[in-house]
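There are 2 protein chains.
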Amino acid sequence: MMRNLIAFTLMLLMVIGVNAENGHQLWLRFDRLEAESPVFSGINADKSKFAVKEFQQIWKEKTGKLLPVVSGQIDNQLIVGTRKDKNILSLGIDKELVRQGKEGYVIKTISKQNKTFTVVASADEKGLLYGVYHLLRILQTGEFNKALNISEKPSYSVRVLNHWDNLDGTIERGYAGRSIFWRYSEEHPTITDKDISLWREYARANASIGINGSVLNNVNASPKMLSEEYLLKVKAIASELRPYNIKVYLSINFSSPTNLGGLKTSDPLNPEVKMWWAKKVNEIYKLIPDFGGFLVKANSEGLPGPQDFGRTHADGANMLADALKPHGGIVMWRAFVYDAGKDDRAKLAYKEFMPLDGQFRDNVIIQVKNGPIDFQPREPFSPLFGAMKKTPLMPEVQITQEYLGFSNHLVFLSTMWEEFLESDTYCNGKGSTVAKTTDGTIFKQKLTAIAGVANIGLDANWCGHQFAQANWYAFGRLAWNNSLTSAKIADEWIKQTFSSDAKFVEPVKSMMLESREATVNYMMPLGLHHLFAYGHHYGPEPWCDVAGARQDWMPKYYHNASVKGIGFDRSTTGSNAVLQYFSPLKEDFNDANTCPDKYILWFHFLPWDFKMKSGRILWDELCYTYDKGVQQTREFQKNWDKAERFVDPERFTQVQNRLRIQAHDAVWWKDACLLYFQQFSKRPIPYDIERPVYKLDDLMKIKLDLTHHN
Amino acid sequence: MMRNLIAFTLMLLMVIGVNAENGHQLWLRFDRLEAESPVFSGINADKSKFAVKEFQQIWKEKTGKLLPVVSGQIDNQLIVGTRKDKNILSLGIDKELVRQGKEGYVIKTISKQNKTFTVVASADEKGLLYGVYHLLRILQTGEFNKALNISEKPSYSVRVLNHWDNLDGTIERGYAGRSIFWRYSEEHPTITDKDISLWREYARANASIGINGSVLNNVNASPKMLSEEYLLKVKAIASELRPYNIKVYLSINFSSPTNLGGLKTSDPLNPEVKMWWAKKVNEIYKLIPDFGGFLVKANSEGLPGPQDFGRTHADGANMLADALKPHGGIVMWRAFVYDAGKDDRAKLAYKEFMPLDGQFRDNVIIQVKNGPIDFQPREPFSPLFGAMKKTPLMPEVQITQEYLGFSNHLVFLSTMWEEFLESDTYCNGKGSTVAKTTDGTIFKQKLTAIAGVANIGLDANWCGHQFAQANWYAFGRLAWNNSLTSAKIADEWIKQTFSSDAKFVEPVKSMMLESREATVNYMMPLGLHHLFAYGHHYGPEPWCDVAGARQDWMPKYYHNASVKGIGFDRSTTGSNAVLQYFSPLKEDFNDANTCPDKYILWFHFLPWDFKMKSGRILWDELCYTYDKGVQQTREFQKNWDKAERFVDPERFTQVQNRLRIQAHDAVWWKDACLLYFQQFSKRPIPYDIERPVYKLDDLMKIKLDLTHHN
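The listed protein sequences correspond, in order, to chains A and B.
Going by my numbering, 1519 is the number at position 451 of the first sequence; the sequence numbering is gapless.
Going by my numbering, 1650 is the number at position 582 of the second sequence; the sequence numbering is gapless.
What the hints contain is simulated information worked out from the structure, not anything from laboratory work.
Don't take every hint at face value.
Any copy, or any two copies together, can satisfy a pair, since identical chains are not distinguished.
Under the rule of at most 27 Å between Cα atoms (straight-line distance), these lysine-lysine pairs were calculated in the DSS-like manner [claimed, not checked]: (1) K1710 with K1696; (2) K1710 with K1763; (3) K1115 with K1128; (4) K1262 with K1769; (5) K1624 with K1556; (6) K1696 with K1763; (7) K1176 with K1117.
Isolated chain A, as found in the complex (with noise of 0.2 Å):
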């Protein structure tokens, strides 16, 4: 009996154990299948399609048993097939499913004598996948009915994240452990089982919200990884992400002739480079037939580019686009560069790519920040949108929150991106959004991609932070869709991620949908940016100097704040970033009085007094402002705290200890930079204010053991 007892508790505590909860599984967790599942009769569906085995898998792990194959006129069967299968040719759909192009799928009701059926067809496998996770997510939402009819297809055709890993197992701005592909270091390259298992758990998360392209290593990348060595198990990644309809790229270093291949130069119009290359990318695509291409960061912050020959960024990227041609390859060529003291920096990037605006190969796109600077809590969108009319853009978005908190703060990055997205350029009028600029709408180009600076490491959870999933869910929603609302998006993502209890979904929701902008507003409100820590980029320094560093690398250079007032004057009495901007935006943006608060400081530089369309002056403004952030991020909090009961103790007890650094945090910098410029402004924060709970000094003294990696 007692030996009964204590095997009995040491299974309890292995179950306890197994089950766990530490967020690995994501979204992916159809919870809701078995309540689901009498809705299916049966799946009349060709067994060897993996997007059926795929369907069968998930089913059979959340309700214990495969839903049986069917065929013929059953009641409520599911039919899931690509157009030329018999079941999918005879029910009529085939020219919207040609419509839908490769990757898009409809999900349909059909009713037939009496009969109702659920259909998922499409016109190629790929789409197939897509549809599948498409229906499986919607029987997790409850969104599930008798009267569908769906239809899809993705608004760009390249849907890529790009992970900034390096080959030692160190991420570039990771905030979530280190890297799922370099996860040993150079002296232990073997791949194990539980690398695959974790590659294929990564490949069906993205899959799931139509992600279909990886760049591998960091942007800022070693000549290393074009070795035979990093190709052999660049192969292995692919072999297991190519089921799922995920390519792999690789982010190239320019000088990897030089570096790697022994040559003397790198010149992209030498003939023995390009003799390199061309073979480098036989030698590649012999191992990975179905390769995505390169994305390179070339000429920007001290990395080696076509410019170092005296050659243009065109003369590079279609050099490069020449040799993956014939294999279907592309180019992903970014446009982050600013050359220090030229300029204004933000407007480096627009007069560096202007001029060579439809120099570029049609397998070369142009990889454009949605900001002119960097990944800040807000910018307007970079001038590039739009006016390159001849040169396919691609949106380059972080998911990983290098200059949002990290994995510490709770940030929904949905809005930003729908922001972005939905900013008008008027490039051809009202209406031009940027989401329309890229994705083929206005301009017909035939490449259209968009990238996300993913979020993902070896942490249980994937991304640090439970909430920081949403991020990487809204990135493969949006790429898929840009014109989904955020709402949307995170309706889904809770549902799928924790609980479809209104109760719970509704404040939760509006806690993400909130959060980006409470963070403007603790850290960088009204058009501030870059106040960030030197280096590392978490938490304030509005004052740091760094003595022999970049003038554009240092807060100073951003906010010029003097007695006089604080902001860029990039009006026409300033920089002249303005002229960068379409009519009406660039008139809009250059008068203080039309510009939008959001922005007014990235446009102006203005007296402390100046009248904000609050009716308030600019000081009190910034004061309400860091204020209002502070009380946010607290009732973040309480929204959290009261949402206990429908969380696992693990991931609630993670979100809350997050939300406390936060709320903590979002007092650090508002101190920080009220009591930082409240030297120049010479004012008092308005009295109705919480005050300061810190001194300056103190504050100025915090040097954080923090790298730009971890």
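Position chain B relative to chain A; hints supplied.
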């Protein structure tokens, strides 16, 4: 020209330097005297009197000239003198002066033959000094008028500061720098002019508020205190304090006969020991003829005492009293005794001393801390007050903020002392307040006294925190008049120390009056006590557990938190401490439904869901009260920031910085206590309350590098 400019600049800098406001002037600024000076046409007084000199010196400092000495019937003259002086004799107020005693005085407006005189008169020169300071105070606070009829005498005959100053210059529980008396280490006993001027300033400050005694060394006394070397220094100090009517006292080590005198025993009944003390006392009085007497901490916290020889506290005190009696000296014998583990610590002083009631000589007074434990933010009064009817008791309060945030927190202690003095003991029916049991109103003892543990050190502002000066001030004022309200004291202090502008006085006063309750709220509300960090007593440590340490030094001894509830059961079902109080207090305290909330967890162990008078359950009430404390500190910050224009920048900034620390610490306290207790209550913090920003684990790691002296 240039040389002149440099010289002028230097001079300017010197003037600024000299005038830089550091708070050293305390409440003795008298900056309104110049404006008020026309009220007197001249002074009619004996210039040789110290009080007259003091008045003229201050007058000259502030108005630039001496008030002219006049005689005869001159309108608006100021008449100053004692009852035997001619200018007073003629006024017909002799009976009144005699009635006020040696330290009392009157201030009157007297009109004769269409002439108006302001008269400051007393029976003795001691009283005249207090009268003169009173006149200066009302001139400064704007209360002077031409219809004065003031008659004052002190509530206690001995009004003494206890300096816990060690002979090496450190101060136990001192937070304002090192000792002003023992500023040189034992190797450098030289007395400098700076010492002498500081001692005079100290004496004037004390005299201005009625303090007439100083115990110059720590109650944890070194036998060396009574060595000739140190007595010579005491003599020097005494000679500076004497003109200000301040007697010096010394704390003695009960084993001095052995440790200093080389005797084999310090048994108080041993004839050689008695002889040794008699000789030592003679030696002291030869040096200091008006020496006040001894303060004794015996058989307390490891110090020697009569119980080491099988004698009682009465035996020990009486032996010393006999030695002092011929010289007019007194013994202040502390009741702060608690042998480990014998019973509820709160009961031990009562149990030890009640059996000795009536056994003490008439020049012995028992010094009793306000509460039964140890200077906590809130305690009920010690049950010895009112209970010892045949022995005079003197209250001991702590001016230095050992348990109230050191010199970082703004806590106006006057309200705590007012609450204590006004506590009704019911020893003689309703209205038998602690004040009346100790000042001779109820028990007709000849000897009355009150002690405050000083908060004074070498810091430029004397007390560390500018507002800690108010506690020194308040102690003096309450010792003089134990029925003064804290509102009146705060009003006087603010007007003398900062400004009389009502826009400043009223909000600052309300902050001061609220500050102690706020501190109780964020530190230890609802009767909780002794949750402090071990040793240094700064910050919360409800979890504290030091291996081998006395249990009654551990917070858990006091809070007893468990899943069952929290608090110390001192009711009849517990330690029965309630029985040490008179009816109806004992019954009120004994029943959790009638026990005041502020003492409820002092007297009761209650379940977390105990229904409080507010209708809330105990846990919620605890949460709301901690949170209220936090909100109150934030309001203090607003209050003070609004006052900026009324205050010099130096003192403004000092106070502002300390209020920030206080607001910060309040959150620390709240989070530490609520998160710790929540482990037992297992209930949510009510959701409308601001959430914790710290993790308990992190807070439990905090180990401040502080000692119990500085």
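Here's how the hints hold up against the structure:
no. : hint             : result
1   : K1710 with K1696 : both (21 Å within a copy, 20 Å between copies)
2   : K1710 with K1763 : between (33 Å within a copy, 18 Å between copies)
3   : K1115 with K1128 : within (14 Å within a copy, 107 Å between copies)
4   : K1262 with K1769 : neither (43 Å within a copy, 36 Å between copies)
5   : K1624 with K1556 : neither (39 Å within a copy, 51 Å between copies)
6   : K1696 with K1763 : both (20 Å within a copy, 23 Å between copies)
7   : K1176 with K1117 : within (20 Å within a copy, 109 Å between copies)
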